[in-house]
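Asker: Here are the chains, one letter per residue:
Number of protein chains: 2
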Amino acid sequence: MNTTRAIGIDIGGSRLRAALIDASGTILARCETTTLAQAGPEAVIAQVFDLVDQIAPKAERTALAGVGVACPGPLDTDTGRAMGIPTLAGWNDIPIARMIEAALGLPVRLENDGIAAAIGEWKFGAGRGLQHLAYITVSTGIGGGVVLDGKPLHGRMGMAGHVGHMTIVPDGTACPCGNRGCWEAYASGTAFGQRIAQSVGGNPKSIFAAARTGDAAALKLVAEEADWLGIGIANLLHLYSPDCVVIGGGISNGFDLLQPGIDARIQRNAMTAFRKVPIVVAGLGENAGLIGAAAMVF
Amino acid sequence: MNTTRAIGIDIGGSRLRAALIDASGTILARCETTTLAQAGPEAVIAQVFDLVDQIAPKAERTALAGVGVACPGPLDTDTGRAMGIPTLAGWNDIPIARMIEAALGLPVRLENDGIAAAIGEWKFGAGRGLQHLAYITVSTGIGGGVVLDGKPLHGRMGMAGHVGHMTIVPDGTACPCGNRGCWEAYASGTAFGQRIAQSVGGNPKSIFAAARTGDAAALKLVAEEADWLGIGIANLLHLYSPDCVVIGGGISNGFDLLQPGIDARIQRNAMTAFRKVPIVVAGLGENAGLIGAAAMVF
Chain C
0 MNTTRAIGID IGGSRLRAAL IDASGTILAR CETTTLAQAG PEAVIAQVFD
50 LVDQIAPKAE RTALAGVGVA CPGPLDTDTG RAMGIPTLAG WNDIPIARMI
100 EAALGLPVRL ENDGIAAAIG EWKFGAGRGL QHLAYITVST GIGGGVVLDG
150 KPLHGRMGMA GHVGHMTIVP DGTACPCGNR GCWEAYASGT AFGQRIAQSV
200 GGNPKSIFAA ARTGDAAALK LVAEEADWLG IGIANLLHLY SPDCVVIGGG
250 ISNGFDLLQP GIDARIQRNA MTAFRKVPIV VAGLGENAGL IGAAAMVF
Chain P
0 MNTTRAIGID IGGSRLRAAL IDASGTILAR CETTTLAQAG PEAVIAQVFD
50 LVDQIAPKAE RTALAGVGVA CPGPLDTDTG RAMGIPTLAG WNDIPIARMI
100 EAALGLPVRL ENDGIAAAIG EWKFGAGRGL QHLAYITVST GIGGGVVLDG
150 KPLHGRMGMA GHVGHMTIVP DGTACPCGNR GCWEAYASGT AFGQRIAQSV
200 GGNPKSIFAA ARTGDAAALK LVAEEADWLG IGIANLLHLY SPDCVVIGGG
250 ISNGFDLLQP GIDARIQRNA MTAFRKVPIV VAGLGENAGL IGAAAMVF
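These protein sequence lines are chains C and P, in that order. The first sequence stops at residue 297 when you use numbering that gives the first Met the number 0, and every number in between is there. The second sequence stops at residue 297 when you use numbering that gives the first Met the number 0, and every number in between is there.
Hints listed in this document are in silico derivations from the structure and should not be mistaken for laboratory results. Owing to the predicted nature of the structure, the values given are computational and were not obtained by experimental measurement. Where is the CB? At the ideal position from N, CA and C, for every residue including glycine. Careful: at least some of the hints might be erroneous.
[Said to hold, decoys possible] One-sided excerpt, in silico: chain P residues whose CB lies under 7 Å from chain C:
1. T33
2. A102
3. L103
4. L129
5. H131
6. L147
7. H153
8. T166
9. P169
10. T172
11. A173
12. C176
13. N178
14. N234
15. F297
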């Protein structure tokens, strides 16, 4: 029996991904599709089975160690249930782990997508070999996951690391979560995009491109985004004391441009003992969650 | 050999405490003195030996499991060294653990005072039996410690849980740490005292007393303090996902008055899944650090 392979599934609000992964973190087969986000959990789980059929035909499945599923929170990962996912219609109190386990006949581990990606980066990406790692993904929102003292942090209901929803401006800008002043409301790709739209126009990608040509307005927008990122990252340094902060998500494509501003803010906001912690770009890109989910099974 | 007793030492910027504790967390002997904070590490460590002589005479020491030392950070608890304690003059790169170990002939464990207090509350106080606990102490500053997934969080150099220095107002009020806008700069006993001094006069104790008689100005000041506390506590809920948040330190003497305002802010700032986490007052009072330090040795 070959227990050195596992399936990783990443259920996102826009993309659904599955991959067959070996114990060294290498992707052996991979496919993805657009999530039927409005069609309800049964339709999405049918999509999952379809992807799994493509990467690991039924006859080969008994040889696998299991299935790791990464999913947006809030989940109860102790019981393998989705508690109410904002980006997926109808996912309220759905026993995802049990449903997939029953259909595939393999053990299933469910994990918050931020924590799964942190595990991926820790085992096989930018945080390899470290004892302490904070991972953030900056795209539509800001998610995260933390490994401390050589173990992924879970907390109550596996909900530790909801870093995007720490308040950094009391009663500030409205956040999609319903509250005000969350880090996500200032530093997410969405927030960055809104500042861009309200000033010179364009989107994060076009602004990064313009900044690379030295465009002053673009550089100012990038500096502002970097500053908001730095404020939250400095908080994570004090709260978790990681060896390293790893940044993934779409906005990390401009990491080289953002890094000086992030570092400058950390030098201002962090106590001396926290100032030299490296802030680095993710090593696994959009596969961090997939790979981390599968890694949980090994 | 009786290995069910240990010595706990709490080295604070103002008070130095030592106690003999049994494995159930009961204090068998205790003494304290004013810390010679300006006299340098050797003078303070001589004070420690003097206290230890009082609670555990030399002849009895070989029967002990060891010594736990709680100390303000930043420490490197991996190597047992103080790296530069702001409230204690001259404590720069001092091998405290080794110095005490050499003199007493007992194994010594050094721990950040916030983490030690969290361990005390978790093992024997308000967080007994929980898997996940965030502890904060609100007095001169704001310190903290966290237990997650049944283990105290340490992070790099044992510095996790510096909760007082998360920024909650970018470029806001100056904090004693040298930065601006830290939670400590708004919600500590010192910050509360400054707001009191700048309005009706008095101190936190007198304002709590006046609030209990229904005094409107005092109630307003208490509500403001509760709101600042709630902002930071809501952040801790998202970042750590504890089963419970335990509040110690001098300001917790007014916890019954602060609780409604703290809860109201949490209802506004926290995502639904985090809103019902209990916020409670510490069970061990000023002995949490002492008891937690000793508990590490068992």
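Asker: Indicate, hint by hint, whether the structure satisfies it.
Answerer: Taking the hints in turn, this is what the structure says about them:
At its closest, the beta carbon of P:T33 sits 27 Å from a beta carbon of chain C; the interface hint therefore is violated under the 7 Å criterion. Look at P:A102: its Cβ only gets to about 27 Å from chain C, farther than 7 Å, so that hint breaks. The criterion of a C-beta within 7 Å of any C-beta in chain C is not met by P:L103, whose closest approach is roughly 28 Å, and the hint is violated. At about 9 Å, the closest approach between the beta carbon of P:L129 and any beta carbon in chain C exceeds 7 Å, and the interface hint on this residue is violated.
The closest approach between the C-beta of P:H131 and any C-beta of chain C is roughly 5 Å, which is under the 7 Å cut-off, so the hint is satisfied. Hint on P:L147 holds. Least Cβ distance to chain C is approximately 5 Å, under the 7 Å limit. Given hint, P:H153 at the interface with chain C, holds; its Cβ is 5 Å from that chain's nearest Cβ, closer than 7 Å. Given the 7 Å rule on beta carbons, the hint for P:T166 holds: about 5 Å separates it from the nearest Cβ of chain C.
Hint status for P:P169 relative to chain C: holds, with the closest Cβ pair at about 5 Å, below 7 Å. Interface restraint check for P:T172: the shortest CB-CB distance to chain C comes to about 12 Å, outside 7 Å, so the restraint is violated. Here the hint on P:A173 is broken, as its CB sits about 12 Å from the closest CB of chain C, past 7 Å. A distance limit of 7 Å between C-beta atoms decides the matter here; for P:C176 the minimum to chain C is near 5 Å, and the interface restraint holds.
Of the supplied interface hints, the one on P:N178 holds, with its beta-carbon coming within about 5 Å of a beta-carbon of chain C, less than 7 Å. Look at P:N234: its Cβ gets to within about 4 Å of chain C, closer than 7 Å, so that hint holds up. Residue-level restraint check for P:F297 is violated (minimum Cβ-Cβ distance to chain C is 19 Å; threshold 7 Å).
Of the numbered hints given earlier, the model fails hints 1, 2, 3, 4, 10, 11 and 15; all others are met.
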